[in-house]
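K.L.:
Order-wise, the sequence lines are chains A and B.
Taking the working numbering, the leading residue of the first sequence gets 347, the next gets one more, and so forth.
Taking the working numbering, the leading residue of the second sequence gets 347, the next gets one more, and so forth.
If you're looking for bench data, these hints aren't it; they were derived computationally from the structure.
Hints are all accurate, no fakes.
Example chain A residues on the side facing chain B (calculated, C-beta under 7 Å, incomplete):
| id | residue |
| --- | --- |
| 1 | V404 |
| 2 | E408 |
| 3 | E411 |
| 4 | V422 |
| 5 | K433 |
Bear in mind the structure is a predicted one, so any value in this text is a computation, not a measurement.
We put the beta carbon where it would ideally sit given N, CA and C, even for glycine.
There are 2 protein chains.
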Amino acid sequence: MGLLVQKFGGTSVGCIDRIEAVADKVAAHREKGDEIIVVLSAMSGETNRLTALAKSIVDYPEPREMDVLLATGEQVTIALLCIALRKRGIGSRSFTGAQAQIVTTDAHTKARIRSINEGPILSELGKGNVAVVAGFQGVDELENITTLGRGGSDTTAVALAAAVKADECQIYTDVKGVYTTDPRMVKDARLLDSITFEEMLELASLGAKVLQIRAVEFAGKHRVPVRVLSSFEEGNGTLISFEMEKKMEDPKITGIAFEGDEAKLTVSGVPDVPGVAHRVIGPVSGAGIEVDVIVQNAAADGSNDITFTVKRGESERAKQILLDQQEVIQARNIDLDKEIGKVSVVGVGMRSHAGIASKMFEAIANEGINIQLITTSEIKISIVIEEKYLELAVRTLHDAFGLGDPN
Amino acid sequence: MGLLVQKFGGTSVGCIDRIEAVADKVAAHREKGDEIIVVLSAMSGETNRLTALAKSIVDYPEPREMDVLLATGEQVTIALLCIALRKRGIGSRSFTGAQAQIVTTDAHTKARIRSINEGPILSELGKGNVAVVAGFQGVDELENITTLGRGGSDTTAVALAAAVKADECQIYTDVKGVYTTDPRMVKDARLLDSITFEEMLELASLGAKVLQIRAVEFAGKHRVPVRVLSSFEEGNGTLISFEMEKKMEDPKITGIAFEGDEAKLTVSGVPDVPGVAHRVIGPVSGAGIEVDVIVQNAAADGSNDITFTVKRGESERAKQILLDQQEVIQARNIDLDKEIGKVSVVGVGMRSHAGIASKMFEAIANEGINIQLITTSEIKISIVIEEKYLELAVRTLHDAFGLGDPN
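With the rest of the complex left out, here is chain A (with noise of 0.2 Å):
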């Protein structure tokens, strides 16, 4: 028995049947005497629906209307799980995100969350009803309304289990937890039972990505516990959890994550002068490209290379602005390879462990893999390879560390 704040994403309530689970698994929560606010995404599709009839309109279309627009998505879905807890005879009511006083900054689209009032929400539960937040939303300071951009349904849920002191935000989602590495790729990886936030965090950013990397932050600062647990499927999911102490003992690597859609740009013999790289990566991330791994390695003879790497499907642009800096930037060569993969090892128990990078290096050097990049963390350890060599390299990291399930 406790006071949960439970979130269900949009294929969680893609469909009226899907919204009726939810509703049984609230219901189920309610008759074991938790004290529930259920925090809702829009049915799955129906952001993109929304924003292609938009986009119909004009290319860009005006940030404050897009979060009129986008908002119905989650009123939705909040009034039909409503409707369909009172069928099972349980009070409930719908909070859009100005109903529940989510106050956010004036950034439309990509607003931050400000404040909660958690009144409102605290004196439906103490009237024994369960409250259903739409997630996404707020209100700025002039009541304008907001989104927090995709995946804001994660903020949202943490943000208020935050305001409220819950006992846990459950995070139910189509996956169930957080594996060893993507079990899609690797057979037996393993659910785990607990990870601490700064793994979640390398490993949301990775690629395994059940959570929002801001929602993870949020939790993480606000000493938030935070479950990630499966809507289709009975289990305990994965405790993101604050036991650094423990975890630091043991040697062991939390997880392997990977991302297969990268490309690798190579900026080659610029001077080695303060300043080179700002003039290298300024005008790719100021065209809004994300810019990922960032290697620089200045040559003996003064001159330099700078390398990193982007989403593929961006990399193309990024080389034609490159190219057109070419001069300014004095490169005597640019480079685009775009096969390239990137994998990591994660781990809090790497920070005193200094054989993990050694250990990691020679499984890859064993199966032929040659290493392009290398880059470490505290908690992390990256390197970029040929794309064709991803999978192998996954399965022999995992393999390696003794991720896999005993079973």
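Starting from the known structure of chain A, arrange chain B on it as the hints suggest.
P.N.:
Positioned in the frame of chain A, the structure of chain B alone reads:
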């Protein structure tokens, strides 16, 4: 140049092309220097789609949540129109019912407007922008979302026009205005330049359903000039005016209304005592069945016949209710005739011209049509006839009163 409220219904915003056409129309008025408040319905079909979603969960969805659900329909169209206006370089801002501060009663799905704070909208007009307001919706005093019932967008438009003291409330629809009768039935039906509120009430309630009756009442009460016109074709439409005096001197009939979807119930041989009409009609209207014409005729033998009409689809249910009550009401017979239609001549002018009724009856008799019931009011005379003669009767009366287009 003036302050206009322009309301566009569901078919006028039924797809992106039509929304663009509405934007063109608003832009043209804006260029002439008009200040404009636009009121929109949901895209045609959307309200039905949303209702079907809710009803696939449960037959009688909770009204509060139905309103949350249905209100999304207009929220979509106001956002899309603002995006289309911005494309044309016209500043605009959308207002949900809550943002426009349209405060209603708390009768969910059929709320009535209590007040509108015209401040935010006028302030937007003051900035040179177009205000685009969601029709059909408001909030109660606790900020719960409410809706005004089907066709409620007309009421929103008229109420807004009254609140801001607009020069005209223009209701754009899929017909060119109000005709002397249905042009689909009578080829030379003539478009009326103007009509009085009273005539409009009779024509609206009798079948010329261009404007929601509650909106007409509201406009009459607050003396808002309303113009009905086509959103697809050019033209000045029909102005609903207050000029009773001038019309009173004009013996001409304004139009012929008719209703073909009716059935007649006759309760015969009931005692001629006080309260008998109530005992007959009470249980029927108590079951939510709308009763139209009611005629009572006391016979010399102290018995009584009460005849009334209802929508055909509800006639069997009405009959069963009467049969269940037969002993209580002491009726000798209960007869149902499902093949009837109603034709009415409407015109303020008839008040002072007794010849109208006899002219009507003569024209009908000349065609060999038997009149089953007659009812009269200050500005209309209705007859009930066999349904197969409905079209003939409408044409005959349209000719007899010289309503046809002279061209």
